[in-house]
Amino acid sequence: MNNGIRIAAPRRTRAGKLRIDCLEKNRAVPAFLGVVAGLTVLSLFFLQIDWLRLASRIPDIGSIFWKLLHFDLSRLDLIGEALLETLSITVLSTLYSLVLGLLFGMLAADNIFRVRWFSRLLKSFFTFLRAVPTPVWVLLMMVCLGMGASAGIAGLCVHTTAFFTKSFAESFESIPDETLEALEATGVGRLGIFLNAVLPSTLAQIIAWTGMRLEVNFSECAILGMVGAGGIGFVISSCIQGYEYGTAGVAIFLVFLIAYGIERVFVQIKKRIR
Amino acid sequence: MKKRIPQISPSERRMYGAFFCVIVVLFALCTAYTRFSPLELVQNSDNFWAFLREDFLPPAIPGAAKVENIINSIFVTVAMALAATTTAAILAFFVSLFGSESVSPFPKMAKVVRGFAAFLRNIPALVWAFILFSSLGIGTGVGVVALCITSFAFMVRAFAETMEDISQDCIESLQAVGASFPQRVAHGVLPSCLSGFLSWYLYCIEVNIRASTIVGMVGGGGVGLVLFSYIKSFRYNVACSIILLIAAMVIAVDLVTGRLRGELAK
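Line order of the protein sequences matches chains X and G. Per the working numbering, the first sequence starts with residue 1246, numbered consecutively. Per the working numbering, the second sequence starts with residue 573, numbered consecutively.
No wet-lab data here; the hints were simulated from the structure. Careful, some of the hints might be misleading.
[To be verified] Computed far set for chain G versus chain X, every beta-carbon distance over 10 Å: (1) K575; (2) R586; (3) P631; (4) A636; (5) F666; (6) S674; (7) M681; (8) V684; (9) F702; (10) G711; (11) G713; (12) G796; (13) I815; (14) V822.
[What the hints assert, rightly or not] When the alpha-carbon atoms are kept at most 27 Å apart in a straight line, the in silico DSS-like pairs for lysine-lysine are as follows: (15) K804(G) - K1516(X); (16) K804(G) - K1515(X); (17) K683(G) - K1515(X); (18) K804(G) - K638(G).
These figures come from a predicted structure and were not determined experimentally. For every residue, glycine included, the Cβ atom is placed at its ideal position computed from N, Cα and C.
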């Protein structure tokens, strides 16, 4: 009977029922939830939004959608051209940033070249680039390249390169040191290690990040349109502002279809790779 | 002749080859269409640096009243992001319960819920902002709603996937012993998925801090609107200090969420 194992008495509530909650709880979670709820209520008061007035206008949303759904196909050539431009901007900005991101990611990961101060410096520089909103970069590039698709590509590239550098460097750093040491012991150079060990083993992650960024870059087309760098976003914003809801509806619908298509394709590719 | 042992299987090699060809063709087509060349960037870089040196730098500080205005607008932007994300998260939690086939009491409805979320998600936040501004008018409230829509749709998908990943067996055994739907959620889903939900929530906060600046620029208020008005009136050196302030805000929020993510995952 007495073999040294002591079973703790079952925990009971005051009413005598068995307690079924978990013993090892993370105490930070309820505190976090409380703080977030408090801050949200505070910020809702701070914003002083007139909810009643907003709610009274909700029927207007329905009428706008009704107008948007009356597709006006007469300007399909303009929409098609803008859509092709947006797609080109998306593809080119992603590809250029992919190359730059691989290069800078290699330099910024601190397990490949092992120059700690340099990778620190590079990482903080790209953190800054990422923190500045994209429209600012597009506007800056427009000063340099003039209105048009080129400014859009270059502006998107800044943000995308910074994003890729950070996420690729993280993927590279997650590789176990043993792999790198084994190659080092056989006398492979730094670049050889990167090309033969680091790159192949992070390929799946790189493809996943690229797919995600392709989606994001496509949806940034609206931002490009806002500042005048061309593409479908410009058609949408100018048509809505000019009350041509039929044309805007077609453009928005096509944007939705393409974004959905990109998402589906990458879900399939990710499944295939796993 | 030296014969090498191939390092990857031929079928894989063929796949990568095809993939590479597709990328090269796409690259060529897009370059031909947009006539973009990186060389142009290098050629015009004098222009760029001159603009940066003369108009942007040094960052200037406007009068005291305007500084107060700018600081206030930063708080408005943060409050917009926070309010939108939290509202979206609460709504998304309840909706995603019905969007996950293993948890939902009506599994057949799950596809419909997910389809609806996919519709909301794949229209960019700024396009939602344009649509809403033209129907509800301009203002912070409308900006919050626009941010809310996309992050709601994103979180429905993320939450539903988290539930599918984690709590399959747990839900089934609870169902077998006769737990009702609210009990299944409270004792099965929540304990195992909460940390996953919170990390998606923090990710959405990061995204929305950036997005609320951008939505602000087209009329949502906050620091984006202030920045855009300075840029439009060509007062670039004040704009420069606002940009630095925005960058500081974004970095600060990223640091806080990074810390919290580590703390909550324990």
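Hints and how they fare:
no.	hint	verdict
1	K575	holds (20 Å)
2	R586	holds (14 Å)
3	P631	holds (13 Å)
4	A636	holds (22 Å)
5	F666	holds (16 Å)
6	S674	holds (19 Å)
7	M681	holds (20 Å)
8	V684	holds (16 Å)
9	F702	violated (5 Å)
10	G711	violated (8 Å)
11	G713	violated (4 Å)
12	G796	violated (8 Å)
13	I815	violated (6 Å)
14	V822	violated (4 Å)
15	K804(G) - K1516(X)	violated (47 Å)
16	K804(G) - K1515(X)	violated (43 Å)
17	K683(G) - K1515(X)	holds (21 Å)
18	K804(G) - K638(G)	holds (17 Å)
The structure is inconsistent with the numbered hints 9, 10, 11, 12, 13, 14, 15, 16, although it conforms to all the rest.
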